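J.: Both chains come to you apart, so use the hints to assemble them.
Protein chains in written order, with our numbering: chain A, 181 to 621; chain P, 5 to 101.
Calculated from the structure, these hints are not laboratory results. Since this is a predicted model, take the numbers as computed values, not measurements. Certain hints may be false.
Unchecked claim - Stretch by stretch, here's where chain P covers chain A in the computed footprint (C-beta under 8 Å, at least three residues):
1. 297-310
2. 313-325
3. 428-436
Just so you know, even glycine gets a beta-carbon here, dropped at the ideal spot from N, CA and C.
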Amino acid sequence: MCIVPIYLLLNSTQQVITYDFGGWSSLIGIQFKLTQLSLAVASLISFIALLTHLSCKQEAGDVNTFSAVLFSAVLLILIAGLCGIVFTNDFFNLYVFIEIASLTTYALVAIGGDKAAVKAAFNYLIVGTIAATFILIGIGYIYAASGTLNMDDFVDRFDTFKDARATRVGIVLMLGGLMVKAGLFPLHNWMVYVYKTTNSFFLTFTGSVSAKVYALVIIKLIYFVFTPDLVLHIIGLKKVILLCGLLAISIGAITAFYQEDLRSFLAFSSVSQIGYTFIAIAIGAFSSAVILMAAHVLTASACFMICAYIHAYKGTYELKKLYKLFEEMPYISLLFIINIASLVGIPLTAGFISKVSLVLTALDQKAWIVVGLIVLSTFMTLLYGYKISRTLLFSSNNGRTLRSMSGPDICALSVVTVITLINISIGLMFNHVDIIASKIF
Amino acid sequence: MAIICIGLFCVLSSRNYFKQLIGLTVLQSGTILFFIAMAKVAGGRVPILNPANSGPITNPLPHVLMLTAIVVGLATLAVGLALLMQIQKRFGSVEDK
Numbered sequence: 181m182c183i184v185p186i187y188l189l190l191n192s193t194q195q196v197i198t199y200d201f202g203g204w205s206s207l208i209g210i211q212f213k214l215t216q217l218s219l220a221v222a223s224l225i226s227f228i229a230l231l232t233h234l235s236c237k238q239e240a241g242d243v244n245t246f247s248a249v250l251f252s253a254v255l256l257i258l259i260a261g262l263c264g265i266v267f268t269n270d271f272f273n274l275y276v277f278i279e280i281a282s283l284t285t286y287a288l289v290a291i292g293g294d295k296a297a298v299k300a301a302f303n304y305l306i307v308g309t310i311a312a313t314f315i316l317i318g319i320g321y322i323y324a325a326s327g328t329l330n331m332d333d334f335v336d337r338f339d340t341f342k343d344a345r346a347t348r349v350g351i352v353l354m355l356g357g358l359m360v361k362a363g364l365f366p367l368h369n370w371m372v373y374v375y376k377t378t379n380s381f382f383l384t385f386t387g388s389v390s391a392k393v394y395a396l397v398i399i400k401l402i403y404f405v406f407t408p409d410l411v412l413h414i415i416g417l418k419k420v421i422l423l424c425g426l427l428a429i430s431i432g433a434i435t436a437f438y439q440e441d442l443r444s445f446l447a448f449s450s451v452s453q454i455g456y457t458f459i460a461i462a463i464g465a466f467s468s469a470v471i472l473m474a475a476h477v478l479t480a481s482a483c484f485m486i487c488a489y490i491h492a493y494k495g496t497y498e499l500k501k502l503y504k505l506f507e508e509m510p511y512i513s514l515l516f517i518i519n520i521a522s523l524v525g526i527p528l529t530a531g532f533i534s535k536v537s538l539v540l541t542a543l544d545q546k547a548w549i550v551v552g553l554i555v556l557s558t559f560m561t562l563l564y565g566y567k568i569s570r571t572l573l574f575s576s577n578n579g580r581t582l583r584s585m586s587g588p589d590i591c592a593l594s595v596v597t598v599i600t601l602i603n604i605s606i607g608l609m610f611n612h613v614d615i616i617a618s619k620i621f
Numbered sequence: 005m006a007i008i009c010i011g012l013f014c015v016l017s018s019r020n021y022f023k024q025l026i027g028l029t030v031l032q033s034g035t036i037l038f039f040i041a042m043a044k045v046a047g048g049r050v051p052i053l054n055p056a057n058s059g060p061i062t063n064p065l066p067h068v069l070m071l072t073a074i075v076v077g078l079a080t081l082a083v084g085l086a087l088l089m090q091i092q093k094r095f096g097s098v099e100d101k
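Just chain P, with the same shape it has in the complex (with noise of 0.2 Å):
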């Protein structure tokens, strides 16, 4: 949660494309934690399915959807990476007036 609030403010704060950009993907890094934490099963162990082990385990979904969610925000970045090269080659600079 603290992840994602800092993203946020850095977001919102910074006049520099590049530093949203920045903010952006700390903020997506925060609710993939977000994500991870929630799966967590007090004692629970590796979801491999072994009948040697019994118990609880930890729920394996949160993090597959984690995977979507990286690639997500891995593809994000790219396009705004792309749309700040074309900033600064139009306007040259990546400072927003």
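Here chain A stands alone, though its shape is the one from the complex (with noise of 0.2 Å):
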């Protein structure tokens, strides 16, 4: 399933496809807009849904089996508002997915998980539902500038009002929403919290694909709505979007280092990971965006899955307690150590050739600066692999709290093995990667 993203986008011509809901014509009714990206997307997303629960069939035990059955109803309507946020193109539309995707996270974060959880999902509620607030107004001023909430059509008539200011007031604040959505720095705070206290099948889920779905959103609205011109420079949003990510990348890294809890260190390094992303937008660099989400959905959704079973089978995310977990699960914790390393972005992970590929950017616009912090947070980010690796490697083994093993999970296992093999052949095949990004800018 994996291969359908990469074939769709190597064998397809520059095809569109629009299904225009009810036969109303697009002027007046709903359209969907399948192009080659938001395809490889939702697919993606839905080949991150499916892992998760093959690999995470214990910790679905975690919740009981009544909300089990509603657990997954409600998750199933959130991988379908997701989509409709890939998929949509008309802005009052857009909003609507958005709303629908977040009340469905609102609730499963609440369900399970630590006893925190509840408070983290209403503070995620109290702050996504401002940042929704702001997309509505925005799209309120877009549409009082434009007259029309399909895209396509905002794009054709788009010299007749871009110099408005109710556009340009419209299109701050709704990527200013959407930034918040995605957990750019300032307001990271939910997306810690939240990943800290749920449960941890909805963790792997949601920490791999949610906030890459929002920042998909801004880069398709930027790249193929606004235009980047307009927005980067005329507005001046380049350098607001720079300083955030900037910041970011340096906050996360360094965090990151000092927690001693796995599901906060990967929460930190989320927030430095989604840094890079947004550095990647500001510079104009769209294709390194894309690689950079994918490479870290991957990632990501990787280290989750071993967070997962080492909390299934050890019953703590307390790195304290992990020590010397490489001579009891020699399997998982190599394959950890591999994630790590391409969150960091060593050789031969996909996060190297994203990484790389950014940088290359950087250095093409002479923006010393930028790489300066990239090289910087990066040598934090090893730190931190480091201090993760030796832990489980080779620390001395104190107080080691055993829950009694029942046998390895086959299926979570190979699961994370293709994810990572995934990954790996991703790292090799860097020409490959370059041409299946520049095919869909």
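T.: Set out below in structure tokens:
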């Protein structure tokens, strides 16, 4: 199934499938537009959802059987919402799908997990709804300026109203709301809080996919609808996004280093990964942004699955209780270390080529500060990767608490292995990835 | 706009989860009014197809969009209240400490 998105990208010509709901013309009704980018992302979402189901059977037992049924139903609505966000070609419909995805996320975060998970969910509800309201007001301004909600129609007549103040206010409000949803730096607290407390099953899915979908919508809007020139240069969002991204990668990496809990460690590392994506957007390297996101979806999903697996067997996320895990569970520890290497950006992994493509673009633009900070933050990431690997491999073993081990879950192990292999094979096919990415834009 | 600001202030300033939720609802009502005000055409009449009347008509689309927004707001409120009940059950209070 993982071959499907790559196959679609390689073999389809630049064809675009559109679907008008209810047979209304796209100017009146709602339209879905399936481009190569959205098809690839939608298959990736479904693929990760499938893998999460396969690998986290045991964690679903965290949730009791009655709510397990509801849980799956709500999760399916969430997947539908995320795919809708990716496919839709209508501003207001985008808002509706964002709300569908958000409401289901609030509910799923609260089921199971730690005692504080409901507080995290409520916190997310407040922040998320404010962000969504800003998106709605932004859509209002865009509609007032352009008189259309269809994105294609908006692009066609863009010249007539692109200087209007209402258009610009609308664009800023809308992108601002989406950036909160994507967990960009100054407003990332909800994300960390949610990742720290929620149940491991949902964490695997939301941690790898949700925030990226919003980042993808931002890329789609800036690149295809609002045009990078207007957003980044004339309105001047470039500096803002760049600053937030640079702060995110530095502070995310430094904070991650001090975490003693696998979940918070991965949460802060996600904050810094989102930062990389937004730096790529700010310097106009849209294909790098997509590669970065795809690489992080793979890496993060594998990391969260391994986290869930360790939690299922050891009953803890705390790093200091996992000393010498390598002796007990050599295979899973090895996979974990490979994936952390991809998070850092060690050669031969997907994380490496994504960072290289970002740095190359930054070098082209002679943005030395950006390059410097990326290298610095990669170094910090290397340090925390080293810290975790050292703990798993060598640390002295004191006060180990063991839950009785049942047999290893072959299904989960093989899923993680498959993802890791995909990761490495992407790392080996550097040229192909560039070709695929350049086909999108 | 004023209502939006009041709602936002209410959400950000209060430490009580229930008050935050009320602020959120006020914020959403403000947005709804913003859309409705935007739709008003000066001298426009009710948008019902009637050949006898002519002249400008008020744009009905934002009203229809706001129907959806009201439903979304209601759903958000319901999820929020459900979470509040759980918080009350688990922590014994709805104050943010």
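J.: Quick one: which hint numbers does this structure break? Sort them smallest to largest.
T.: The structure conflicts with hint 3 only, although it agrees with all the remaining ones.
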